[in-house]
Amino acid sequence: MSAAARLSVRGLTKRFGGLVAVKDIGFDIEAGEILGLIGPNGSGKSTVMKLIMGIERPNAGSVKMDGTEMAGWAPHRIARAGVGIVFQHSRPLHRQTVLEHIKLALLPDSLIKLFADPHVNRRAREIAERVELGAVMHRYPATLPFADLRRMEMAKAIARDPKVVLVDEPFAGLTLAESESFAALIRSFRAEGRAVLLVDHNVKSLAALVDRALAMYLGEQIAEGTADEVMQNETVRRVYLGGKIETRERSRGEVIGKPEILEVEDLGVLYGKARALDGASLHVREGEFVSLVGLNGAGKTTLFNAISGFVPYQGTIRFGGQDLRGMSGAAIARAGVVQCPETRELFNDMTVRENLDLGGYHLAEATRADQLAWLFDLFPILKSRQRQTARTLSGGEQQMLAIARALMMQPRLLILDEPTLGLAPVILEQLSKALESLQRTTPITVLLGEQNVTFALPHADRVYVLEHGQIVWEGDPSSFEREMGRGYLETVPVGKPLAFPARA
Amino acid sequence: MTNLVRSRMLWSAVALAVAAATLPWWVSGYILGILTVAYYFGVFSMAWDLLFGFAGEVNFGPTFLIGLGAYTAAILDARWGPPIPVCIVAGGLVALVGGLLLAVPALRLRGPYFGLITLVAVLLLQNAIVIFAGVTGGEIGMTVPDIMSISAEQNYWYALAFLVVCAVILFGLSRSAIGLILQASGQDAIGAQALGFNVTKHKLAAFCVSAVFSGVAGAMLVFYQGTASVSTVVDLGVGVQIIIAAVLGGRRTILGAVLGAVFLIVAGEFLRPLGQINTFVVAALALAVILFFPDGLLGNLLRVRERE
Chain A
112 MSAAARLSVR
122 GLTKRFGGLV
132 AVKDIGFDIE
142 AGEILGLIGP
152 NGSGKSTVMK
162 LIMGIERPNA
172 GSVKMDGTEM
182 AGWAPHRIAR
192 AGVGIVFQHS
202 RPLHRQTVLE
212 HIKLALLPDS
222 LIKLFADPHV
232 NRRAREIAER
242 VELGAVMHRY
252 PATLPFADLR
262 RMEMAKAIAR
272 DPKVVLVDEP
282 FAGLTLAESE
292 SFAALIRSFR
302 AEGRAVLLVD
312 HNVKSLAALV
322 DRALAMYLGE
332 QIAEGTADEV
342 MQNETVRRVY
352 LGGKIETRER
362 SRGEVIGKPE
372 ILEVEDLGVL
382 YGKARALDGA
392 SLHVREGEFV
402 SLVGLNGAGK
412 TTLFNAISGF
422 VPYQGTIRFG
432 GQDLRGMSGA
442 AIARAGVVQC
452 PETRELFNDM
462 TVRENLDLGG
472 YHLAEATRAD
482 QLAWLFDLFP
492 ILKSRQRQTA
502 RTLSGGEQQM
512 LAIARALMMQ
522 PRLLILDEPT
532 LGLAPVILEQ
542 LSKALESLQR
552 TTPITVLLGE
562 QNVTFALPHA
572 DRVYVLEHGQ
582 IVWEGDPSSF
592 EREMGRGYLE
602 TVPVGKPLAF
612 PARA
Chain B
-6 MTNLVRSRML
4 WSAVALAVAA
14 ATLPWWVSGY
24 ILGILTVAYY
34 FGVFSMAWDL
44 LFGFAGEVNF
54 GPTFLIGLGA
64 YTAAILDARW
74 GPPIPVCIVA
84 GGLVALVGGL
94 LLAVPALRLR
104 GPYFGLITLV
114 AVLLLQNAIV
124 IFAGVTGGEI
134 GMTVPDIMSI
144 SAEQNYWYAL
154 AFLVVCAVIL
164 FGLSRSAIGL
174 ILQASGQDAI
184 GAQALGFNVT
194 KHKLAAFCVS
204 AVFSGVAGAM
214 LVFYQGTASV
224 STVVDLGVGV
234 QIIIAAVLGG
244 RRTILGAVLG
254 AVFLIVAGEF
264 LRPLGQINTF
274 VVAALALAVI
284 LFFPDGLLGN
294 LLRVRERE
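Chains A and B, in that order, give the protein sequences. First residue of the first sequence? That's 112 in my numbering, and the numbers climb one at a time after it. First residue of the second sequence? That's -6 in my numbering, and the numbers climb one at a time after it.
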């Protein structure tokens, strides 16, 4: 149906064990066209990119370039056929200059060519100039700012003169001005007749750039069309925003007089050169349920890791009045701050019961038995799966086990990082029920990080919105939709501001 | 700036080589003998660094390749007695074939398994030598009828010349286009593949180069010492020493491996009066360097440059 398409993907499917990461995805990209592939964290969009590049092998489906089937080829063969990729995270060689990195990309895959052809040097310089690295081409990667490292990745892709360019999260970690120059570079790819695939979690950041967009959720395609159409699509809005945002009345009186258990003041975190958190402040009272919402990459996990003592930070974090600076992760956990990380970190080869017992290792025998009984009450499915190894559980069950294990430690503050990541809606409901019952029956304080607003709001007493490492909004759930609902999906203005018809 | 520093490293190497060439006129045959062994170890370590530092593969069994070369040369010489150079070339070839047989399947595995397979290969070779004691001399080892020379000076010259030739080839290779691709393959295999490089092919080639140099050096060591024995060319302890020498000198520097090897062998010899404590002191010293200067002697100098 589309013999002319430069890149043609049909029925692409990838399973990891029992999890279907990518399900029957198909699209075409013409020469000189930019396609945006969007979807929230865990939707499978990066996997699609890896499948095209051959880094992962598809279980089914076809990837054709100019009519040639490439599915199942090794990555280097696909690269030589004309597919280039710009990775989100660069892993530069430390003893080579920027120019040498570009030269590397220009070298042929040969075992006998000891010396590069003379034109390579000239070509490498031209490319360096093109991506605005001319001034720093003799420097080493360790001395470069973050944006220049990303430019170097771009330069390496350009050096291969690819027919198809895949760019992962093109604007992650860049300032507005830097994003603009990257957008210009990507537009120049289009002008040169390359087919471009941009992968991003945020619709808005790509809107000004892409010719068409395709939205994914839980491995499936949910919308395709122009950026506007995709953004207005009901399913897309539901995935990002949640359909109806339900808020639950809870008398604020019971928490309002309580002392503050967690005080985070002016928190700043740097990852090398990328600023992950910038002056974030946040307070949680005893017994309160606070939700921190923000898109993938906003800095939620970084904030939690700073509280748990896993990353160095500027600013102060106090728990129960005590300054946590200088305390080890283990000491902080013993003091009562227990994090249930996004990645779950279960002991996969141990049984459900063993995982739980490890969580309650420090408890007295009788307390542990009580705690266990209470948790099995909270998550009945775990009781029936006690003897199974954690690896064999479904995603939702693993998440429940991770939460249960955290609760075994009898935390004073439970931090839940993206518990809904990659879970089906029906599991979300179960999880939601468990959280509600947890809230009703125990005096526990919860700090929940979520990009799924539908899940984050119903339980929350208070909500913070984190964007680009900064807290941009704070308030109660009922005012969230009114004040933030629209802006949340369409954050991060990159490129020209788009004129959307205002929705009442 | 880069070129200046780079050539400074090169010129220091040349100066050291010239200084080493004058040694026979003013040091004793005893010291020359120690250095001769150290130079062969230097080649072992350089060959190992090409694999570890550049291809990013930890070969726990350098002595598998060295032992193959050494025993091939020794057995050939003892049985049929062809000229020494023929035995040495044969040693290199057999090491290459053995290395290929080992690496082709092993490189398909990821993570620590390559290293584990190389480790098992050494044990296999060691067992084979003991089992076929009739041919190999078993645990006692075998003496070879021919040796390169009885003159300490002559032997020293052979070793030094061999070291210099190997250093020029391996260092040149590491700084060539192929070396660059190899480094990229070792440090970020997916990134290198995405640039169109067949990572397995390049790593396999590096393994072959490493195997040939190890095998030839092993064979030459046999004709210097006049014996081939498990404890000098096959034992895991010897392999560990080679690895320590390379890491001590500085990963990814090639030339650093020579410094590390000379330091280890010479220190071991000079501390011999300490008796039992000797190996302990050398090991502790090496451990301290690795703990506090993980980039090694030469690696630290290069690191300063990266930060500038």
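Just so you know, the hints here were simulated from the structure itself, not pulled from any lab data. You may find that some hints are simply not true.
One-sided excerpt, in silico: chain A residues whose CB lies under 7 Å from chain B [as the list claims (entries may be wrong)]:
#1 Ile166
#2 Leu215
#3 Leu217
#4 Leu218
#5 Pro229
What you are looking at is a predicted structure, and each value in this text was computed from that prediction instead of being measured. Heads up, the beta-carbon is just placed ideally off N, CA and C, and yes, glycines get one too.
A quick look at each hint next to the structure:
1. Look at Ile166(A): its Cβ gets to within about 6 Å of chain B, closer than 7 Å, so that hint holds up.
2. The restraint placing Leu215(A) at the interface with chain B holds, with a minimum CB-CB distance near 5 Å, inside the 7 Å limit.
3. Contact between Leu217(A) and chain B, as hinted, is not supported at the beta carbon level, the nearest pair being about 9 Å apart and thus beyond 7 Å.
4. For Leu218(A), the interface hint holds, the least distance from its beta-carbon to any beta-carbon of chain B being 5 Å, beneath 7 Å.
5. Proximity of Pro229(A) to chain B is violated relative to the hint, the smallest CB-CB distance being about 12 Å (cut-off 7 Å).
Hint compliance for this structure: hints 3 and 5 are not met, and every other hint is.
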